[in-house]
Amino acid sequence: MLNRRDAFRGLALTMGMVSVGFAGPVAAALPPLAWTPAALDAEQARALDAAAELIVPKTDTPGAREAKVPQFVDRAVATYLDKPQAELLKTGLSQMNADARAAHGKAFAELTGAQQTALLSRYDQEAAAARKAWKPRHFFSLLKEYVTIGYFISEPGATLALRYEPAPGEYHGCVPLAEIGRAWAL
Amino acid sequence: MANLNGRSRQENTYDAIVVGSGISGGWAAKELTEKGLKTLVLERGPMVRHLEDYPTAMTDPWDTKYPQGKLPAEQLKAQYPVQSRTGYTVNEYTKHFFVRDDENPYTEEERFDWIRSYQVGGRSLTWGRQTYRHSPMDFEANAREGVAIDWPIRYADLAPWYDYVERFIGVSGQNEGLPHLPDGQFQPPMEMNCVERAFKQRVEGRFGERRITMGRCAHLTEPTEEQLSLGRSKCQYRNMCMRGCPFGGYFSSNSATLVAAERTGNLRMRPDSIVTSLIYDAKAGKATGVRILDAQTLKEEEFYAEVIFLCASALNSTWIMLNSTSSRFENGFGNGSDQLGRNVMDHHFRVGAKADVEEFGDKYYSGRRPNGIYIPRFRNLGDAATKKDFLRGYGYQGGASRPGWDRDLAGEGFGADRKAAMSQPGPWTMQLGAFGEILPYEDNRVTLNHAAKDKYGLPTLSAKVTIRENEKAMRKDMQAAAVEMLEAAGFKNVMAADMGYAPGLGIHEMGTARMGRDPKTSVLNAHNQVHECTNVYVTDGAAMTSASCVNPSLTYMALTARAVDHAVQAKRKGDL
Ligand SMILES: Cc1cc2nc3c(=O)[nH]c(=O)nc-3n(C[C@H](O)[C@H](O)[C@H](O)COP(=O)(O)OP(=O)(O)OC[C@H]3O[C@@H](n4cnc5c(N)ncnc54)[C@H](O)[C@@H]3O)c2cc1C
Ligand code: SF4
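Those sequence lines, one after another, are chains A and B. Take any residue in the first sequence, note its place counting from 1, add 6, and you have its number in our numbering. Take any residue in the second sequence, note its place counting from 1, add 83, and you have its number in our numbering.
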């Protein structure tokens with residue numbers, strides 16, 4: 007018997023095939039969570055896992071999931087963020103699931119890629135508005151910050167998406183950017 | 084008496100004792116041992132062996148415990164409330180090289196940022212390595228302006244020692260031929276980047292008296308035989324120096340002076356040894372040794388020597404002297420002048436400007452240069468054109484760079500486009516931050532506080548230090564002239580900033596046992612000997628009679644080497 011998750015994977019696959027040629031984001035297929043959360047509940051962790059990959063997707067370089075960014079954010083909640091920040095992130099992730107259910111009857115991780123992207127775009131606009139109005143920080147801004155940090159300090163992020171040189175050996179003060187190609191990790 | 088562990092006096096006797104193993108103590112140890120004296124170095128902090136004890140030197144960004152190596156706010160607040168005030172010194176990579184404030188208390192009558200490293204090597208491991216000579220003008224300023232007291236030495240007294248120290252530590256820099264920033268024995272300068280080169284050309288073309296030069300820093304760009312023989316090598320442009328350098332690329336006690344001292348066979352290093360006071364023999368009129376508290380066993384012990392060098396850093400050498408009372412020295416050791424603990428100076432900073440640079444978008448740099456540009460003092464140089472309504476002057480440290488992926492973490496957007504944008508460097512920015520001279524004021528002072536004891540039951544220091552009108556007037560000019568230069572260079576969105584300064588934050592505390600000619604108005608003589616007890620030398624920042632506006636550590640090193648030379652000659656002549 008197919009369990010719910012497998013059924014969804016099949017569906018996502020079909021959708022992915024259907025959506026070839028349409029320029030929207032490909033649905034983030036719902037894999038079993040490849041890690042055990044330390045601070046988040048299972049549903050928050052799944053929402054994080056899906057959102058992180060949309061914030062820093064796989065392109066010609068690895069995406070957030072491959073760089074283990076969701077684990078990094080979960081660990082930051084468990085060991086690093088102060089209480090108000092940790093709460094903001096956790097309630098934010100739960101909010102994502104609640105909003106997803108209200109709109110589509112499913113948890114965030116189970117939505118189509120287009121639905122997920124639409125929801126994140128809404129949060130992003132709300133976050134920008136809050137920032138401009140000097141209002142308290144929107145959870146999505148904090149989430150994006152930690153996903154971004156987690157990605158660019160990860161080994162794939164630092165060495166593939168950026169350029170990383172532990173001991174450069176020399177300094178050259180004026181070289182064509184094209185020769186280097188990307189920003190330095192440090 | 085006090086040899087509680089029963090060792091004989093002879094066993095605890097050396098030719099020389101050095102208190103502290105930081106920048107000054109490392110130099111005293113090297114010079115004394117190389118001149119053949121059996122030397123004991125007493126260091127209050129734990130052992131730090133070069134290479135072996137740099138646990139984070141090779142940590143990659145993905146291997147940190149916390150995001151970007153930043154410590155949790157709660158930990159900073161509980162353990163490093165003062166050390167973290169700099170905003171850049173205490174993190175996961177470096178925290179083991181700074182003191183825990185909760186374990187090392189002092190009293191702030193006014194806010195005073197006392198940034199300390201207690202370990203073998205002291206702050207030579209964590210310093211910023213900017214290295215400049217004081218100029219003839221600096222040594223003459225007090226006398227000329229009638230400020231405080233005159234220095235008992237002149238530039239010419241120190242010049243050969245500057246040469247000597249620079250050759251050994253290795254300083255990279257550019258000779259400029261300026262009387263107010265003397266040239267030195269330099270290895271090749273580091274390179275300016277495109278924006279800095281343009282800035283130099285445009286600003287020097289516009290203002291005759293302003294020079295833009297490469298920062299002079301204690302890094303090896305062309306190591307000498309001697310430096311190679313100590314196991315040091317060329318700087319690798321990692322800019323992770325504060326973690327300890329596995330290449331010995333920058334000067335520290337651990338990579339250089341202590342290695343040189345060790346190889347003479349005359350050094351004994353005793354870490355975990357808190358020197359609590361000097362032992363004074365009233366009959367002989369000499370100090371015979373020091374008392375320590377062993378930080379591990381909590382036992383007291385005494386060590387003896389014919390000559391003693393206090394190099395525990397300005398405020399700690401002062402603390403030892405204030406805590407060394409006897410019927411001869413009721414108010415602290417050698418404190419007949421009542422100047423001990425007074426005239427605390429530092430450099431005031433955190434004021435300047437920054438700008439966006441809308442050019443050179445197709446240019447970048449490679450390597451992480453642990454250094455920036457320097458603009459030597461250009462105010463009050465003795466002519467009418469540079470005269471301002473305050474005394475002394477300031478220099479700028481600065482530089483241009485392109486921000487990386489973390490430039491706008493909370494900015495709008497997400498997804499592939501944002502990822503691609505963040506994988507590219509941001510536009511160039513250039514900033515200038517001034518470091519200004521603080522005058523010596525008698526009531527800028529540290530005192531011994533018997534009411535507040537530390538965990539060893541020892542009295543602690545209390546600090547009351549403020550900046551005055553001269554510094555405040557200077558700060559306005561420090562900001563205005565930075566704006567003026569960035570605008571003259573044609574850069575955009577020039578923004579001025581005074582981010583506020585609290586004494587101590589410059590981490591150049593000095594002046595609390597000043598040198599002078601007259602024992603009535605100074606603690607030390609022209610050779611850093613305590614006027615009232617000449618076999619004790621104090622050669623760290625405490626000795627400074629005025630502050631100049633340049634980073635001070637090179638001067639402590641030169642004073643130390645010169646004082647050891649004096650001490651060894653005096654000892655030979657039987658004059659100690
Ligand atoms: C982040 C930072 C950046 C800096 N940048 C620069 C710069 O660019 N240029 C510059 O010139 N200077 C710079 N400095 C300042 C420089 O580090 C100090 O001027 C220099 O280290 C002072 O040398 P010192 O030997 O007097 O003291 P320290 O290097 O502090 O060494 C003193 C030693 O004495 C020990 N000690 C203290 N009390 C006792 C006691 N009672 N018994 C036994 N041992 C004791 C301490 O544990 C310590 O090891 C910087 C400092 C810091 C922290
Ligand atoms: S930049 Fe130079 S001195 Fe600093 S850690 Fe690297 S090699 Fe060492």
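If you're looking for bench data, these hints aren't it; they were derived computationally from the structure. Virtual Cβ for every residue (Gly too), placed ideally from N, Cα, C. There could be a bad hint or two in this list.
[Said to hold, decoys possible] No more than 30 angstroms apart at the CA atoms, straight line, and that leaves these computed lysine-lysine pairs for DSSO-like:
| id | chain 1 | residue 1 | chain 2 | residue 2 |
| --- | --- | --- | --- | --- |
| 1 | B | 121 | A | 89 |
| 2 | A | 96 | B | 121 |
| 3 | B | 160 | A | 141 |
| 4 | B | 121 | A | 138 |
| 5 | B | 369 | B | 121 |
| 6 | A | 64 | B | 160 |
[Unchecked claim] Over 12 angstroms on every C-beta distance to chain B, these chain A residues come out as not near it, computed from the model:
| id | residue |
| --- | --- |
| 7 | 74 |
| 8 | 98 |
| 9 | 112 |
| 10 | 121 |
| 11 | 146 |
| 12 | 172 |
| 13 | 173 |
So, going through the hints one by one against the coordinates:
For the proposed pair residue 121 (chain B) and residue 89 (chain A), the alpha carbon gap of about 56 angstroms is over 30 angstroms, so the pair is violated. Taking the CA atoms of residue 96 (chain A) and residue 121 (chain B), the gap is about 63 angstroms. The hint is violated against a cut of 30 angstroms. At roughly 26 angstroms between alpha-carbon atoms, residue 160 (chain B) and residue 141 (chain A) fall within 30 angstroms of each other, so this suggested pair holds. The hinted pair formed by residue 121 (chain B) and residue 138 (chain A) fails the criterion: a straight-line CA distance of about 67 angstroms is larger than 30 angstroms.
For a cut-off of 30 angstroms, the pair hint linking residue 369 (chain B) to residue 121 (chain B) stands: about 19 angstroms separates their Cα positions. Distance check on the hinted pair: residue 64 (chain A) and residue 160 (chain B) sit about 39 angstroms apart at the alpha-carbon level, beyond 30 angstroms; violated. Look at residue 74 (chain A): its CB is around 9 angstroms from the nearest CB on chain B, not clear of 12 angstroms, so calling it non-interface is violated. At roughly 14 angstroms, the least C-beta separation between residue 98 (chain A) and chain B is larger than 12 angstroms, which holds for a residue marked as non-interface.
With a closest Cβ-Cβ approach of about 21 angstroms to chain B, residue 112 (chain A) is found to remain outside the 12 angstroms limit, as its non-interface label requires. Listed as outside the interface, residue 121 (chain A) is consistent with that label: its C-beta sits roughly 15 angstroms from the nearest C-beta of chain B, beyond the 12 angstroms cut-off. Once the 12 angstroms rule is applied to beta carbons, residue 146 (chain A) is inconsistent with being away from chain B; the minimum gap is 9 angstroms. Not every beta carbon of chain B lies more than 12 angstroms from that of residue 172 (chain A), the smallest distance being close to 7 angstroms; the non-interface claim is violated.
For residue 173 (chain A), the non-interface assignment is contradicted: its Cβ lies about 4 angstroms from the closest Cβ of chain B, within the 12 angstroms cut-off.
Against the hints set out earlier in the document, violations occur for numbers 1, 2, 4, 6, 7, 11, 12 and 13.
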